[in-house]
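Undergrad: Chains as they are written, first to last, in the UniProt record's numbering: chain R, 1 to 205; chain Y, 1 to 205.
If you are wondering where the hints come from, they were derived from the structure by calculation, not from laboratory data. Worth double-checking, as some hints may not be accurate.
For chains that are exact copies, the list does not tell them apart, and a pair is met inside one copy or across any two.
[As the list claims (entries may be wrong)] Using 20 Å as the maximum straight-line C-alpha spacing, the simulated SDA-like pairs for lysine to any residue come out as follows:
#1 K41 with Q140
#2 K178 with E32
#3 K41 with F102
#4 K49 with Q67
#5 K178 with A130
#6 K178 with Q154
#7 K49 with K178
#8 K49 with P20
#9 K49 with E36
#10 K49 with W107
#11 K178 with A114
#12 K41 with S184
#13 K49 with R113
#14 K178 with D89
#15 K178 with N125
#16 K49 with R147
#17 K178 with A56
#18 K178 with V128
#19 K178 with V120
#20 K49 with V106
#21 K41 with N125
#22 K178 with L151
#23 K49 with G21
#24 K41 with Q67
#25 K49 with Y175
#26 K49 with R23
#27 K178 with R148
#28 K41 with V120
#29 K41 with D54
Number of protein chains: 2
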Amino acid sequence: MSEPGRRRGRPSRTESGGGPGTRERILASAREEFGERGYEKTSVRGIAKAAGVDSALVHHYFGTKEQVFAASVETVLAPAFEAPAAVEDGPLDGIGERLTRFIFGVWENPATRAPILAVVRSAVNNEVAAGVFRRLVAAQLLARIGRRLDLPEQEAELRVSLAAAQLVGTAMLRYVIKVEPLASADLEVLVARLAPVVQGHLTGE
Amino acid sequence: MSEPGRRRGRPSRTESGGGPGTRERILASAREEFGERGYEKTSVRGIAKAAGVDSALVHHYFGTKEQVFAASVETVLAPAFEAPAAVEDGPLDGIGERLTRFIFGVWENPATRAPILAVVRSAVNNEVAAGVFRRLVAAQLLARIGRRLDLPEQEAELRVSLAAAQLVGTAMLRYVIKVEPLASADLEVLVARLAPVVQGHLTGE
Numbered sequence: 001m002s003e004p005g006r007r008r009g010r011p012s013r014t015e016s017g018g019g020p021g022t023r024e025r026i027l028a029s030a031r032e033e034f035g036e037r038g039y040e041k042t043s044v045r046g047i048a049k050a051a052g053v054d055s056a057l058v059h060h061y062f063g064t065k066e067q068v069f070a071a072s073v074e075t076v077l078a079p080a081f082e083a084p085a086a087v088e089d090g091p092l093d094g095i096g097e098r099l100t101r102f103i104f105g106v107w108e109n110p111a112t113r114a115p116i117l118a119v120v121r122s123a124v125n126n127e128v129a130a131g132v133f134r135r136l137v138a139a140q141l142l143a144r145i146g147r148r149l150d151l152p153e154q155e156a157e158l159r160v161s162l163a164a165a166q167l168v169g170t171a172m173l174r175y176v177i178k179v180e181p182l183a184s185a186d187l188e189v190l191v192a193r194l195a196p197v198v199q200g201h202l203t204g205e
Numbered sequence: 001m002s003e004p005g006r007r008r009g010r011p012s013r014t015e016s017g018g019g020p021g022t023r024e025r026i027l028a029s030a031r032e033e034f035g036e037r038g039y040e041k042t043s044v045r046g047i048a049k050a051a052g053v054d055s056a057l058v059h060h061y062f063g064t065k066e067q068v069f070a071a072s073v074e075t076v077l078a079p080a081f082e083a084p085a086a087v088e089d090g091p092l093d094g095i096g097e098r099l100t101r102f103i104f105g106v107w108e109n110p111a112t113r114a115p116i117l118a119v120v121r122s123a124v125n126n127e128v129a130a131g132v133f134r135r136l137v138a139a140q141l142l143a144r145i146g147r148r149l150d151l152p153e154q155e156a157e158l159r160v161s162l163a164a165a166q167l168v169g170t171a172m173l174r175y176v177i178k179v180e181p182l183a184s185a186d187l188e189v190l191v192a193r194l195a196p197v198v199q200g201h202l203t204g205e
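The task is simple: from the sequences and hints, build the whole structure.
TA: Structural data, given as structure tokens:
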């Protein structure tokens, strides 16, 4: 829950007494705390303690717990959000394979798998975290790829979200629940099976 | 975690002092506790308290916390496990639509949505709960539908799990994370888009 009692205005950064690097240190602690405990069990006080600052300074920089979470998810997903450019670029008839490889790339990379898993776990368990996930992923990934399809907006977004569902579901079963044979299937076998399906969702018929 | 210190043998039912209906009352409390708190935060003691019995009786009937969870998931999924018969029966070229309608049926039904959501949340957050989910869902759903395909076992199971991934991912985005446009899309629109994709996974090429 977002500790409404602690909610307060978000003063400008120049009022801060935290010194350079404080904001980044708080963000790093937030990533770690949310990643280890999940959204619900993480508190602003715990993040502040881990960063060696006062809770008031966390509120000062970021606002509510929800806003700290959003900022930390944004930094986790930032590298992933650069990739859609690579998905969007190139011929439309290869976009299914590029999107498939991009999603698997995030999950196969040890540096991004743990933070993404933490974000997914929080989003599945908590309505506030789900809202952050929705806004960031929907706004960044779905809308950007949807625009590339040259279709009416609603049709484009439905297509991208059905393609995303195939990839999200595969990632859930392979990396989170670890259902066989998906969990130990060869990556190239999966790409070969899924890329045409994703392409079909995006540009088929 | 499964409280290994409390692990003990599972005596036969005739040794029980719980009286008729006790087992069912414990199971109902277990469903409620796991559903509300998730796997990790639920304790055998809490289940016993909610059922008005001693913890020892819960261990007596079911064994460890993991085994209580497995039993409660089985009762939650029991109605869902009867449906694969309906998915398996009928012509092979309609199996994609039957499987699609079966999965959406579980999620659209208010009586099964909450328990399924609780099982999914537990499985995403806890390795033990994920193991229970894997064994039940994989053994029951994937293997049974796989056998219907008349293909080598490994190929059949890969196909069924990729089809399941499409449906699991759609359910996650629509019912759990509530990403638009999936969250408010018309059910028949989704079935019309997904049934051919699921059919393609199962019998295509």
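Undergrad: Tell me, in ascending order, the numbers of any earlier hints that this structure violates.
TA: 1, 2, 3, 7, 10, 12, 13, 14, 16, 17, 20, 22, 25, 27
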